[in-house]
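Residues per chain are reported as follows:
There are 2 protein chains.
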Amino acid sequence: MLSQTTEYALRATICLAYSREGLVSTSDLAEQTKVPMNYLAKVLQLLARSGIVTGRRGVGGGYKLTRPPEQISMLDVINAISPIQRITSCPLELKNHSGALCPLHHKLDESIDILIKHFTGVSMADLLGQRGDSRPLCDEAMTARVELTLGGSN
Amino acid sequence: MLSQTTEYALRATICLAYSREGLVSTSDLAEQTKVPMNYLAKVLQLLARSGIVTGRRGVGGGYKLTRPPEQISMLDVINAISPIQRITSCPLELKNHSGALCPLHHKLDESIDILIKHFTGVSMADLLGQRGDSRPLCDEAMTARVELTLGGSN
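Chains as they are written, first to last, in this note's numbering: chain A, 109 to 262; chain B, 109 to 262.
Since the hints were derived computationally from the structure, they do not count as laboratory data. Being a predicted model, the structure only gives us computed values, none of them experimental. One or more of the hints may lead you astray.
[What the hints assert, rightly or not] The calculated lysine-lysine pairs, modelled on DSS-like cross-linking and capped at a C-alpha distance of 27 Å, are:
1. A:Lys172 / A:Lys142
2. A:Lys215 / B:Lys215
3. B:Lys142 / B:Lys172
4. B:Lys215 / A:Lys172
5. A:Lys150 / B:Lys215
6. A:Lys172 / A:Lys150
7. B:Lys215 / A:Lys142
8. A:Lys215 / B:Lys225
9. B:Lys150 / B:Lys172
10. B:Lys142 / A:Lys215
11. A:Lys225 / B:Lys215
12. A:Lys215 / B:Lys172
13. B:Lys225 / B:Lys215
14. B:Lys225 / A:Lys225
15. A:Lys215 / B:Lys150
16. A:Lys215 / A:Lys225
[What the hints assert, rightly or not] Take a look, some chain B residues computed to stay more than 10 Å from chain A by CB distance:
17. Gly130
18. Ser158
19. Leu173
20. Gln179
21. Ile189
Each residue gets a CB set at the ideal place from its N, CA and C atoms; glycine is no exception.
Just chain A, same shape as in the assembly (with noise of 0.2 Å):
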């Protein structure tokens, strides 16, 4: 639903949230995301320019966040690589549809306004909180007491 690029974006600024405190380098956060580092450059490059993130080149230098995570939306994240648009006329520009959208696409557009509320909803906080103190991706330990709680085999 989402492209590779936008959920590469998502893990970048969650990866971010988590480490609280100065610039994390491209290369640690490349790590923490498992996104190809010059994969991961160009992503961070867009959310900086959705003033998301904010750099330092150089020795010691890397990417923060520019506001706190409850304020920036899984939504945020998502339009800073490729805006989810509703539909306001016929995608396929015919000419009948311009003044008036057909129930089809009536729906389809209701199907993304609901998307759009659905993200607007969670923020990055959210996305670091379900799991109390673990890293926000899964990492060995969480994964084994999350299934050890799902009574799974581990």
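Starting from the known structure of chain A, fit chain B onto it as the hints suggest.
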């Protein structure tokens, strides 16, 4: 959000639902849906493979729905072209995610589930009924009426 092929499939199914009796030729359907005929032929083959439409070749041939519009959901048509998949394991195939999705993937899966429920709840009949007895896809008369209702400038 949906591919163009999926949208074309929805438009074709709606037009077949609107034409309640007999077979509709691919050329008539191409005119009604504004879809190139060769492209539409491939879309109809996919819909037939999923048991949503049935067709007959040759003179007097064409396509029709296999069941009433009330019994065909938007999800049925979408899944006939490119199925909406829930996230049951890490999309990035990270070993550590296999046992338990991280909060991000839980939330992404939640959004997919919301979409599935939305598209399951809308039938082809719903897409016909919203504008009385007009054609399901905008036509001049219907567009004019709706613009008038909406206080449009036409």
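Results for each hint:
no. : hint                : result
1   : A:Lys172 / A:Lys142 : holds, 18 Å
2   : A:Lys215 / B:Lys215 : holds, 23 Å
3   : B:Lys142 / B:Lys172 : holds, 18 Å
4   : B:Lys215 / A:Lys172 : holds, 23 Å
5   : A:Lys150 / B:Lys215 : holds, 24 Å
6   : A:Lys172 / A:Lys150 : holds, 15 Å
7   : B:Lys215 / A:Lys142 : holds, 19 Å
8   : A:Lys215 / B:Lys225 : holds, 13 Å
9   : B:Lys150 / B:Lys172 : holds, 15 Å
10  : B:Lys142 / A:Lys215 : holds, 19 Å
11  : A:Lys225 / B:Lys215 : holds, 13 Å
12  : A:Lys215 / B:Lys172 : holds, 23 Å
13  : B:Lys225 / B:Lys215 : holds, 15 Å
14  : B:Lys225 / A:Lys225 : holds, 15 Å
15  : A:Lys215 / B:Lys150 : holds, 24 Å
16  : A:Lys215 / A:Lys225 : holds, 15 Å
17  : Gly130              : holds, 23 Å
18  : Ser158              : holds, 18 Å
19  : Leu173              : holds, 16 Å
20  : Gln179              : holds, 17 Å
21  : Ile189              : holds, 14 Å
In this structure, every one of the numbered hints holds.
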